[in-house]
Every structure is written in C-alpha cells, then in structure tokens.
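J.: For this one, chain A is given, so just place chains B and C on it according to the hints.
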Amino acid sequence: MTTRRDVLALASALILLPPAVAAAAETIRIGELMSYNRFAAFAEPYRNGWQLGIGEINAAGGVAGKMLEVVSRDDGGTTGDAVRVAEELVSGEKVSFLFGTFLSNVGLAVADFANQKRILFIAAEPLTDALSLDKGNRYTFRMRPSTWMQTAMLVDEVRDLGVKRWAVVAPNYEYGQAAAAAFRQLLTQRMPGAEIVAEQFPALGKIDAGATIAALEQANPDGIFNALFAGDLAKFVREGSIRGTFEGRTVVSLLTGEPEYLDPLGAEAPVGWIVTGYPWDKIDDPKHRAFVEAYQQKYKDHPRLGSLLGYIIARTIGAMLQETEGSTDTETMIAALERITVDTPVGPIRFRALDNQSTLGAWVGKLAVENGRGTMVDVRYRDGADYLLPEAEVRKVRTD
Amino acid sequence: MDLGFVAVQFLNGLASASSLFLTAAGLTIIFGVTRIVNFAHGSLYMLGAYCALSLLAAMGPWASTPTGFWLAVLAAAAAVGTIGIVVEVGLLRPIYRAPELFPLLLTFGLVLIVQDLVKYLWGPEDVLGPRAPGLASFVRIFGYRFPQYDLLLIAIGPLALLAIWLLFHRTRFGILVRAATEDREMVEALGVNQRLLFTSVFFLGATLAGLAGALQIPRQAATPFMDLDIIVEAFVVTVIGGMGSVAGAFLAALLIGELHAFGILLFPRITLVLVFLVMAVVLVLRPSGLLGRPEAPSAASRHDSFPPLRPFGWRALATVAVVLVLLLLLPIFVSEYGLKVAIDTLVFALFATSLGFLMGPGGLISFGHAAWFGLGAYAAALLVDHLGARMEVTFLAAPLAAGLGASLFGWVIVRLSGVYLAMLTLAVAQILYAIAFQWVELTGGDNGLIGIWPPEWARGRTVYYYLVLAVTLSGLALLGRATFAPFGYALRGIRDSQPRAEAIGIDAPFHRWLAFAFSGALAGLAGCVYTFSNGSIDPSLLAIPTSVDALVMTLLGGIHAVSGPAIGALAFTLLEDLVMPLTDYWRALLGAIIVLLVLGFRDGLAGSLERRFATKG
Amino acid sequence: MSPLLVAEGLVKRFGPVLAVDGVSFSLAPGERLAIIGPNGAGKSTCFNLIGGQLRPDRGRVILDGRDVTGWPASRIWRLGVGRTFQIARTFHSMTVAENVQMALLSLHRRTRALLPRANRLWREDALAVLAQVGLLDAADRPCGELAYGDVKRAELAIALATSPRLLLMDEPTAGMAPAERHALMELVSELATGRGIAILFTEHDMDVVFRHADRILVMAQGRTLAMGTPSEVREDPEVRAIYLGGGMRREMVL
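Residue numbers (our numbering), protein chains in the order written: chain A, 6 to 405; chain B, 120 to 736; chain C, 3 to 256.
Rather than coming from a laboratory, the hints here were simulated on the basis of the structure.
It cannot be assumed that every hint is accurate.
[Unchecked claim] Chain B stretches covered by chain C per the calculated footprint, using a threshold of three residues with CB under 8 Å from any CB of chain C:
#, segment
1, 595-604
2, 621-628
[To be verified] Pair by pair, the computed Cβ-Cβ distance ranges are:
#, chain 1, residue 1, chain 2, residue 2, range
3, B, Glu560, A, Ala390, 29 to 35 Å
4, B, Val582, A, Pro291, 53 to 59 Å
5, B, Leu278, A, Arg378, 52 to 58 Å
6, C, Leu189, B, Ile214, 53 to 59 Å
7, C, Pro180, B, Arg412, 35 to 41 Å
8, A, Gly167, B, Thr201, 55 to 61 Å
Glycine residues also receive a C-beta, built at the ideal position from the N, C-alpha and C atoms.
Just chain A, with the same shape it has in the complex (with noise of 0.2 Å):
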C-alpha cells in the first residue's frame, strides 16, 4: 500500500516524467482521494477504515491471488484540484478505479471525470442528491444515503408525532438546501397539515447563532429541522440550549448522531433531538462488534461513522473483484458491482442499477447524554433500500 510516493517518484514528477510503473503483476492497483489536509477530522477516521478493510483481504491472500494496493492522495478539498489528482492516479499511477471524496462539488467534479475517462468510480462522502438524479453516470456510484433518503428516514420518524409547525435551519449550500426542499416536500407528502413557519440559511461556518436563533423563535415553531453540523451545529447548541430553543419543541437534525459530530459536543449534547447518526456503542450485531473490537485493538481508538465507511468500501472492493475474478476491465467492474450483494458489518448492501445508489442505511433515534458524552439511544437501523429516489423520479432526469 503506497500512500507517499518515493524519492525517486517524486524526482521524476519533478521533471514531468510519468512515474514508473514498478507495480508486479499480482496487485491490483487502486486510486483513492479525500481531503485529507481539509477535512481532517472526517479524513483520518475513514482512512483508518478503508486501510482495515484492505488489510483484512490481503492477509487473507488478495482477491483471484492479487493483492490490492491503494494508492492515497488528497484531493486538495476543491474541483480544480480533485480533477488533477484524479487524473494523475488514472494516467499517473495507472490505477484500475478511483474511490473517495468528501465535497459534494468534488465528487460530481471528479464523477463527471470518470465519466469522461470511462474510468469506475466509487464516491465515499458526497452526500448530493445530484449524484443519483441528473448528474449521476453509469460508471459512478455512491455508498452513503443521500441528502433526501436520511431526510426521509428523519422524516419517517416524526411524521406521526402531530408537529405542525415547522422551523428549518440550513447551512446555506447544496446540502442544507436539498435538505431543507426534501424535508419541505416530505413534510407536505406525509404529514399533512403541517406547514414551515420560518427559515434560516446562515452562510456555512458563519452562523450569528443568537441572532438566527431569534429569528426561528420569532415564528413560534413548535418543531425545529436542522441540518447544521460541525462548527455552527455547536454553536447553534449552545446558544440554544441557554435560551431555552429547544424546550418543548421536537427537534429533528440531520447527522447530528455522527460521532464526528456528536462527540465534540461532549456532555452538551442535546438531549431528545431525533438524529440520524452512527451509534457505534450501541450496535450489537456480533459481526458490528468483531468490526470495531478490530478497529479498537488497530487504532486505540473508536470508529466514527468514516471508519464505518471507510471499512464498508474496502469490503465492497473486495466483494466485486472476487466476482469478477481479479479482472479490473471497467465494464466487467460496473456489471459484478451491480449484481453482487455485499457483506458488511451493518448487513447486506447492494447496488441499485437504475441509479448506481448503494442500500447502505443510517440509524435514526434519540440523542442523550451518558457517561458525559452524547449518545444515540432508541436506535433503529433505516435500510437504505425502502429509502431509494423514487424510481421514476430518477428516471425522468437520468440519461444513461
């Protein structure tokens, strides 16, 4: 597994010269790009993933008596860059496909590549739902839930509790916006009657928490969706919690169970918001529990929802090379991708074919707080598979 280049790699891309090739015939070589540097925190728990899964398969003797070997890079977090890097794995490296990315803009930037290059791509992070509907390619698939699938799974989850009156808070970019129009259009499909009184898009990174919590105050709503996470999500917490925001409301929020998320939040976690999220502690499914006693005993430390991905990508790469016998012929890739069923610690996931989405789900419960850290509690796995895009949604923009 390279994930640096060596001196005489990097001497030769000094001058230009594609790098040699000194890759024996019995690996398979393969091109990964995350941003590593930007989204550190996301990054390191999921390579730490991926290395798990991949190590796993070549201790077990490869796949068709190949080893794999990823080769890693960041993908500089922006679509100028990621293009580049893609580019230098597929042409560069010689890599067979690409995985990865964590940006939205990033994964489409570097689907539309692999689109062009007829190169199979397996898109990690980007949320977008964009991925599934027009902008999706027969050669790109996607692992997570999308923006509107955890939505709906949210959604699934209040639609009998009798809220009527909604209040939306959103980073203000492609994520929060498919989020709060899903959970609009969601909201007049299943529950009807209720109506969303206010909106908030505060500009990501840059929310005036007590000013933009006023102004969801000001509508009286009686519940709260959010799709905030990271910085503003602790902000917005805090501010919060002091004014008193969230009592006596139903507050949903996407991601906020995602340990990247929730264990920055520490004992202020906020108790009884439904979340989507990944309660590892409180998975027990034994083959769940062998997954992160082997990440625990590798990394002294716990997964996060990356690792999960991570580890659940590694297995897939495992299971379709074992369908197609070790072959990296792209067309061969795409068609064992869409046929096989992979085992991962979560269960069985599969491949759409209609839109290349993967039926990987997302645990929706109840925060709380144990021990002085946050936690989910009330969980329930949503499979992906009953939360897919309508089928004749994506048939209406997709033109592969």
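T.: Chains B and C in isolation, oriented as in the chain A frame:
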C-alpha cells in the same frame, strides 16, 4: 414583530458586533502603522481560542472559577501577543524594505502553517470549551431568555474601544501610533525608534486578536476553520471603518452586526453576501471608509518606487526560445497527467500575468481577480450547457463576457485607490460568487455545472494541450507586448505620478478602466480554457481562495518583471503538486516553503533571477 | 490682441481655509506673468485651479476665449497648457527620453495602442527637445536616478515637447543653486520667446522674478495685493509694507 423581540434582536446584533470589533481592531491598528495587510490575523484569533482551551485544561478544577477562567483568557491573549512579537521580529522585519504587499505573501504562508499546526497540536476534531463560570445562564429581557455572557460581550466592545482610545490619547506610545498612522514619514523624521514602535504595535494587535479568539470559547467550539471564517470579515469591517481607524472599525462592526441581525429576518440567505454588499455600498459612497482618511500619496509612493521595467534582453529571449521548444515537445516526454499539470500551469500563468499587468504597470491591487477568471469560466460553461454553443465560440465569448463584466464594475472600482480599491474588487468578486452560488437554476449552485468537455477533435489531452499552449501563449505575448506598448507606458506613467500623467493629457481613470477590462478579459480567457480542461465548474472558481492563489503566484514571481507572475504560477503549481502527495500536512509544508521563498527572494523569483543574470553579465 | 488666459474671481476653500479668495488676472500670448507672495498666499492653489488639478468653488478660467472652468487637467493640456510642478513630477520608472516620448504619445493620441514598442515612437523628436534643455546625455538614464536640477529640466522638456501656448511653472527653480536658477530661467525665456509661449510662474527668488517677468501679481492670504510691471510692483507701498514687515523679507531683494 413585537417591540421586545426587536430589542432582543438588537442586543443579538450588538453581541456579534462586539466579537467582530475586537478582531478587527487589532487588524486596523497593525495596518494603520505598518501598512501590512496581515492575512494571518485570523490565525492569531484561532490560536487565542486554542491557547485558552489548553490553559483551562491545564488549570484543572480552578478553571471553573471565574478567576481561573478570566486569567486563562488574558493569558491566552498575552501568549498570542508574544507570538505576534516573534512573527514581527523574526519574519516581517527582514522584509520591510521589500515591495508593497510582499509581507502579505508571508502572512499567507503563516496561515497555511498555523492551520496545520493547530490540527497537529489539538487534533482535527472540534473542541468545545467550558462556558464562562458565573455567566453560563441567562437573564430575561422582555420575556426572552438572553445569555449572560452575550451581555458581557456587549459591554466588552465599547470598553475595549474606550481602553484603546485612552491608550492612544493618554500615552506617549499611543500618540506615536496615531502619528504614525497619519504620517509615517513624520515619525521617521522625529527619530522615533520605528522598530520598537512596529513591534509593540504588532504585540497590541496580536493580543487583541488572541483576546477576541479566547472570548469566543464560551460561545463556540474551537475549530481549525476559525481563522478563515473570521479573517475576511475582519478585513471587511476594517475597510468599512476606514483602515487604521479604531472608532471606524467599531462603527462598521455595529453596522454589520445590526444589519445582519435584522437582515436575516427578511432575507434568510443574506449571511453569504451581506458584509460584502455593505462594503461595496460604503466604498462607493465613501472611498476611504466611514472614518478613514484618503491615503497620503507620499506614503503610497514611498513603497511603490518601481524600478525601471526592461524588455527581455537576448539572454532572456534565448531562455524563452528554449522554454518554447520544450513546451512544444512536452507531449513526447510526459504522461497525460503531466500534460494536465502543464495545462493547469499555463492557465495559471495567463491568469497570474493578467493580474500582474494590473498590479505592475497598472498599479492597481486586486484581491478579487478570480471574479473575471470565474466569469470567463461561467460564460463558457453556461453557453455550452444552456445554449449548446461550441467550444470554439466560447474562446471568444468568454473573454468578452469577462471583459464586459470587468469594465462594468471597473468603472466604479478604478475611482478608488490602494487597499480600498483592492477590497472593492474583493467585494465585487464575492457578490458574483454569491450570485453563482445562489442562482441554482442557472448555475447549478455550489455543485456547479459538469460535462463541459472539449468537442471530439480536441478531446485528446495532447490536442487540447496544444490548443491551450497556443491560446495561453498568445495571451501572454499580448500582455507582454502591451506592457511595453504605449498603453503599458501610459499606465506606468499614471502609477508613477498621476498628476504628471494628467498634466500631459492622459486621462487616468479612463486608462485604468481600460486596463481593468483588458486584464479581466485575459483572466476570463484563462478561466474558459481551464473549464474545458476540468470538465466542470463551480463557484469556487470565483471565490477568495482562487483570488488569493493568483495573488500569491503573482507576488511570488514578482511584479517588477514581466515574466514574474508566470514564473510564480509555475513555481506555485509545481510546488503544490509536489507537496500534496507527501504528507497530510502539505499545506503547512507549502506555507513554510512560501515563507522561505519570501525571505530568500525579496524581489520575487523573477526579480531575483533577473538580478543574478545582471550581475553575471 | 485678445488675452490667452483670463482668470475671473477665482475662489477655492479647503475646509475652514480660504486658500484663494477672488483672484482675477489675464495673460496675453507670449507674456510672462509671475505670481509672488509669502508661503500660504495661495499661489500653488491658483496654479492648480488653472491647470485643472483643482476645481474652483467660484470664478471662471477662460483659455483662448473658451470657458474651461472645472475641466480635468488632461483636457486643459490638450488646449496647449503645459506645466511643471512645485515638487518636480516625472515618471521615475522610465528613462528621460521615454518621459518626453510619453507627452508626444499623448499628443498623438496613441496611449491606448497595445502592440507597438512605445520607446521607439517619436524618439527623435524627444531627443531634439532634450538637446534643447541640455539633457541629451542623460536621455537613456532612468528619471528616478537624476539629480534634482536635472529632474526639473526633464520636466521642462516634457512640458515643452508638445509646443504649448501656455506654460505653467510652479517654482521652477526651487531646490536649485543660484547659478543653476538663472541658467534654467534663461533657457526657459529663450525657448519661450522663440516660440511665442506665454508663461505663468511662481517663484521665491525675487532676483529671478524681477529679471524674467513682464508683469507681477502679488498675492497675500488668497487675495490679490497688487499687480503691475516689476517697477510698479517694486514701488507699491502696500507691497513694501507687507514685505518689509512680513515673512518674505529675506527673500525679497528690492
């Protein structure tokens, strides 16, 4: 809307104004005296927050007493002040004689270093600190619960303003600071120990930044993004208030805080663009900010004493010829990826050189040059995506669109000068960014548009490479030619002495405006070519990091030589490409290299190379 | 002969200070008028009002029968008004010859050209002007490297290159040694007389003023104190009183 709510929302505005003011105050003081655009001010703010967290953690139970808490906050501020001294003495002092804005390049390197340092020392995950002991609860105001700590913040703003006012009016140090802000030469003439003055001003500014950061602990988690989240807004506040005016910064923070608090009620998405809209309006009405004075021309010209510009000599021409041959033969030697890197380098060479033309001969600093790069890219992508235009058409239409855009906004922009002009370009770029970001139906929002690839005949990397080579070299040749043509001379004339230029019939605003449009058109051409090489566009092409990249390339190469920006683009692109795979902390590595280059090549890479040639020959 | 330049009741205020307060005068073609007065009398402001660097609050500037009040400097220059500044202003990143070429480029309206090499255009004409002011040897030196006296000459060359009808010179000899002052003013007089150029100048050196001016305007605190031929001014009791009792005693050699 009941009155109680209005009052509470007003208080919310005041609380955020206080935070903004504290950060901006240090920035404006540093700029006023040293004329350094301290890009690393946000990093100092972030360090303040993290230092306070560490101190609180080290205190154990004592941290939950008010004494312990406030001691930690003050100690963190002092620690950051000390870091400020180290930076000033160790890094900035050696380059005060370097061209204007060169220190900005150095502080940019520091931003990259500090960002990674924070991740390394404190981990990449957000860290939520304790609430302020004794102020963790709320008071009721008109029935609304209002955080006690926010009330304290509201008080701290004016108190800080008062303290700074007393310092500036009642102490010898303060009087010197004010004098230096108004007229640096006078202070020099009075024989003031300028070094000591600069160092102490840096200490004061950094301490204020650290204090502002530490005071955020009870309100938010410390994150490695804090620096960039605050720095641009701090600059905007500083500029709206008038660079160097502490009271102006206070007024500006108040204006923004309140406009924001009430603005979001009507426009829930306004946060993205509000500060830039306010800045644009204020600068158009008051070109030197609310309480700023027009910059004394002497102060500006002192730094801008540009050396004579020389066309290429035979040695340089020979070098160009060799490079040209190498570029033509490049596809034989390198992989498709190598060609992709070459294409990016050529694109950025053209982009940076177009900025270099504006900044060198034109004497106009732009912090928002990405606007025209992005406008070209969007024009190309929209024409292809919505109208099915051919790529060949966009190669003409994109520079035209960018040039038109630049001439439209340039008409207002060129009436300003110095840093104000630079910040207005930034505001314009951010407004365009917000439009591209928000107008989802047309532009695809922040996901952008994809599938913008060259037509079949130009799709192969080699063919497209030659196309890019032809287009960018033509652009570079045109810019080089224009520099030594009457137009470039007229611009240099206006830059050297506007009164002289006007006294020989040269219409200064008109020529500057033309320069703005010309440079914008070529940046747009670069953006268009870039689009088809990547296959996609998104608003980040118009965003601040893109402008900063161009600025860094231009300054790194040097604006005193025609080839400077292109050499800077080459160096920056290759450097980034080389360090990115090396380590997760590649940004810090890149930052450190930039700092070293700044310290080692004080005339920019090209300038220093030129001098070496000159001394040899 | 109709006057070349008429200034009518010029007024300019800077905040609380009335820098120029109702100054009127006229200048015939080829005539040399000196404006004198103590520091702060409003001489430079007067110059800048006529040259277009400042816009008067009140009053009119009429050039060759045309009202040019408030015109920008660049337009006034096109009517044949060249000028030098109190602190010499040249393009310091260019050579001396290029400085002069700039004026010629502007005259021929070629400053927007993108392709030709600027320093090859009108070079011969520029060198001819430089020869006249005695700067031919320095033609290819950067203007930023010249001694101050030579910068003043270069500025003169820039102003003369386009054959103006009126030359505005704000303290042309400031910062020069006495011998140099006379040499420069002789040169100016000679060139101007030969071409029929009218000159409006301010000057602290009274020796220079009385030798080279046809008429003198005396200003104090923004107002006209006296105007007339050198001998009339010398005899004017009010001028004598001000100068003997005021700040210019040392400079005025009567």
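J.: Run every hint past the structure and note whether it holds.
T.: Results of checking the hints against the structure:
1. Check on the segment 595-604 of chain B: 5 of its residues sit with their Cβ under 8 Å from a Cβ of chain C, so the three-residue criterion for coverage holds.
2. Counting residues of the segment 621-628 of chain B whose CB falls under 8 Å from any CB of chain C gives 7; the rule of at least 3 is met.
3. For glutamate 560/B paired with alanine 390/A, a C-beta distance near 32 Å keeps the hint of 29 to 35 Å intact.
4. Judged by the Cβ atoms, the range 53 to 59 Å given for valine 582/B and proline 291/A holds: they are separated by roughly 56 Å.
5. Between leucine 278/B and arginine 378/A, the C-beta spacing of about 37 Å breaks the proposed range 52 to 58 Å.
6. The given range of 53 to 59 Å is broken by leucine 189/C and isoleucine 214/B, whose C-beta atoms sit roughly 44 Å from each other.
7. Between proline 180/C and arginine 412/B the Cβ separation comes to about 39 Å, which falls inside the hinted range of 35 to 41 Å.
8. Taken as a hint, the range 55 to 61 Å holds for the pair glycine 167/A and threonine 201/B, whose Cβ atoms sit roughly 58 Å apart.
When held up to the earlier numbered hints, the structure conflicts with 5 and 6 and fits the remainder.
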